[in-house]
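Undergrad: Given next are the chains, with one letter for each unit.
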Amino acid sequence: MTKAELPGLTIEELQRLLRAREVTAREVLEALHERIEAIDPQIDAYLSRDLDAALDAADEADVNLSLGGIPLAIKDIISVAGQTCTCGSKILHNYRALFDATVVSRLKAAGAITFGRTNLDEFAMGSSTENSSVKPTRNPWDQARIPGGSSGGSAAAVASDMAIASLGTDTGGSIRQPAALCGVVGLKPSYGRVSRYGLVAFASSLDQVGPLTKTVRDAALLLQVMAGVDPNDSTSLDAPLPDYMANLETEVRGLRLGLPKEYLVEGIAPEVRTAIDAAVAHFDSLGSEIVEVSLPHTSYAIDTYYIIATAEASANLARFDGVRYGYRAENPRDLLDLYGRTRAEGFGPEVKRRIILGTYVLSSGYYDAYYLRAQKVRTLIRQDFARAFEKVDALIAPATPEPAFRLGERSADPLRMYLADIFTNAANLAGICAISIPCGFAKTPEGSELPIGLQVMGKALDEARILQIAHAYEQSTEWHRRRPPL
Amino acid sequence: MASSDLDVAYVARLARLDLTPEETALFQAQLAQVLEHVSRLREVNVEGVDPAAHVFPLFDVLREDEPRPGLTQEEALRNAPRTARDLFIVPKVIE
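One line per chain: the protein sequences are A and B, in this order.
The opening residue of the first sequence carries number 1 in this note's numbering; numbering runs sequentially from there.
The opening residue of the second sequence carries number 487 in this note's numbering; numbering runs sequentially from there.
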C-alpha cells in the first residue's frame with residue numbers, strides 16, 4: 001500500500017491498516033491533504049481545511065475506537081467547535097461555531113477526525129451546489145456538469161477520493177441526489193433518528209444529517225455512531241438502535257420490494273429507466289419478490305415540499321439580522337434599515353427567492369390556501385407510504401429522473417431546478433429513511449460517463465432493512481468500484 | 487390561489503429583505519411560475535384530512551430546571567459584528 005493509495009480506501013479498509021499499525025492516522029491525513037491539493041483545483045469540493053488541527057487530533061487518535069483515526073469531511077452547515085460554518089453564505093462568511101453538533105461530538109468520541117469543510121448550496125437550498133456564494137463544485141465524472149446538491153461538495157469529495165467519507169444533510173434529497181449524481185452511497189436517516197442539534201436549520205421538520213460513503217458498510221458504520229436520542233434535540237427519537245453491521249449480511253431472498261409505478265413515468269431519462277429495470281431484474285435474481293405498488297400522491301410531493309420547506313426556511317432564516325453574528329450592513333440609518341440591507345447584501349438569490357415564497361405562503365390571507373393545504377397533502381403522502389409498507393418491506397425507485405446536468409443549464413429557471421428533486425422530496429415529507437447507491441452509468445454525447453443512483457426507501461426507523469438491501473445489491477454488482485477519470 | 491396575488495415588494499417588506507427593482511421583477515416572474523405549478527394542489531381532495539406539521543406526534547419534553555453549562559458572555563459575543571461594554575450594538579431604537 002503506497003501513501004498515494006490511502007485516500008481511495010474505505011473506512012473499513014483504513015481501520016484494518018490503522019489497527020495493524022501499517023499506517024498512522026497522520027499519514028492518512030497527509031495523503032488526503034496531498035490528494036486534495038492535486039485534485040480540488042479542478043473540483044472545488046472544499047471550502048476550508050484545518051490541517052494542523054486535524055494532525056494534532058490524528059496524533060492523539062485511539063485506533064481501537066470504532067472510528068479511531070478516520071478522517072471525515074463535514075458539510076459546512078454542521079457545527080464543529082472552533083471551525084467556520086459558513087453555510088455557503090456571505091451572511092455567515094466569518095462565523096465560527098462555538099460548540100460541536102451532537103453528530104460531530106459523537107463521531108469525535110468514536111475517534112473520528114473532522115478534516116475539511118465541504119461546499120454546498122447556500123443554506124442547503126439547491127440541487128446543484130451552484131448556489132454556493134463562494135464557488136460552484138464540479139462533478140468528478142464530468143467537470144462541465146454539476147455534482148448535485150445541496151451536499152455537492154461532500155459527494156464530490158468522496159467520489160474523487162478526496163475524502164474517505166463525509167457528512168451531508170438532506171431536507172428534500174440533498175444527500176441522495178448528489179450521491180446518485182456522483183456515484184457514491186448517500187443515506188438519509190428517518191426523521192428523528194439522528195440529532196439535528198448543531199445543524200444550522202433550513203426546514204426543521206424535514207432536515208436530517210447523514211453519511212456519504214464509498215460502500216454501504218461504511219454508511220452503516222457511521223450511522224451506528226451518529227444515531228440515537230439527544231436531550232438537546234427534542235425531535236430526536238428514543239427508539240432502540242439495532243446493530244446495523246450485524247444485520248447487513250442477512251440475505252434478501254424472500255423480501256418483498258415495492259416498485260412504485262409513479263416513479264417510472266414519462267420524463268425520466270432512458271438510461272435511468274434502463275438502469276432501474278436492470279436493478280429490479282437483479283433483485284429478482286437474488287430471490288426478492290418484486291411487487292408493483294402505487295403511491296398516488298407522488299406527483300404532489302414537489303409542490304407540497306416547496307411550500308413547507310420555504311415556509312419553515314423563512315422563519316428559520318429570520319435570525320440572520322446583522323446583530324448577533326455574521327455579516328452586517330454598513331452605516332444603517334435605523335434598525336429596519338440594518339435588517340433589510342444586511343439580509344439583502346448577505347443572502348444570495350435562491351435564498352431570497354425562498355424567503356419570499358415562504359413568507360408569502362404563511363402570510364395572512366394565503367396561509368390556508370397554501371401552507372395549511374400543503375400540510376394536509378403531507379398527511380396524504382405519509383398515508384401513501386404507510387399503505388405501501390403494509391404490503392412490502394421496502395421500496396425501490398430511481399434517486400433522480402436523470403443524470404447530472406450541465407453547469408449553468410438551469411440557474412435561470414428555478415422551477416426546472418426544483419424538479420431535480422421529484423423522486424427524493426417525498427421521503428422527507430413522510431419522515432421515512434432512504435438511501436441512494438450506484439446502479440449504472442449513462443454515456444453523454446461528449447463521451448463522459450455519468451453515474452445513476454438507485455434509491456431504496458424504508459419505513460421510519462427501518463434503516464437496518466434498507467442498508468441490508470443496498471448491501472446485497474452492492475455486494476453482487478461492481479458499480480461502486482468505479483472511479484472517475486481524474 | 488391565483489398566483490397573480492403575489493406582491494413581491496410587499497412580501498419582501500414583511501420579510502425585512504430590501505430587494506432591488508430588478509430582483510423584485512425577476513422574483514415576481516419566477517415565483518409566478520412556481521405558484522402556477524404549486525396550484526396543482528387544488529386538485530387534491532383534502533376534505534377531512536388532518537394537517538401534518540410534523541411526521542411524528544410531538545410531546546412536550548420536560549427536564550429538571552437545573553443550571554447547566556452554557557455559553558459565556560465572551561463566547562456569546564464572539565461572533566457579533568458590533569459590540570461595546572459586553573453588549574450587542576444596534577442602531578438607536580427609542581428616541
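Rather than coming from a laboratory, the hints here were simulated on the basis of the structure.
Careful, some of the hints might be misleading.
[Claimed, not checked] Below, computed lysine to any residue pairings styled on SDA-like, alpha-carbon distance capped at 20 Å:
1. Lys578/B <-> Ser411/A
2. Lys578/B <-> Lys135/A
3. Lys391/A <-> Asp321/A
4. Lys90/A <-> Arg564/B
5. Lys578/B <-> Lys90/A
6. Lys90/A <-> Asn565/B
7. Lys90/A <-> Arg568/B
8. Lys578/B <-> Arg333/A
9. Lys90/A <-> Pro553/B
10. Lys578/B <-> Asp337/A
11. Lys578/B <-> Leu255/A
12. Lys578/B <-> Asp321/A
13. Lys135/A <-> Ser411/A
[Said to hold, decoys possible] To be clear about the criterion: a stretch of chain B counts as covered by chain A if any three or more of its residues have a C-beta under 8 Å from a C-beta of chain A, and this derived list gives those stretches:
14. 539–545
15. 550–556
Glycine is no exception: its CB is placed at the ideal position from the N, C-alpha and C atoms.
Undergrad: Please write out, lowest number first, the hints stated earlier that are contradicted by the structure.
TA: 1, 2, 3, 5, 9, 11 and 15
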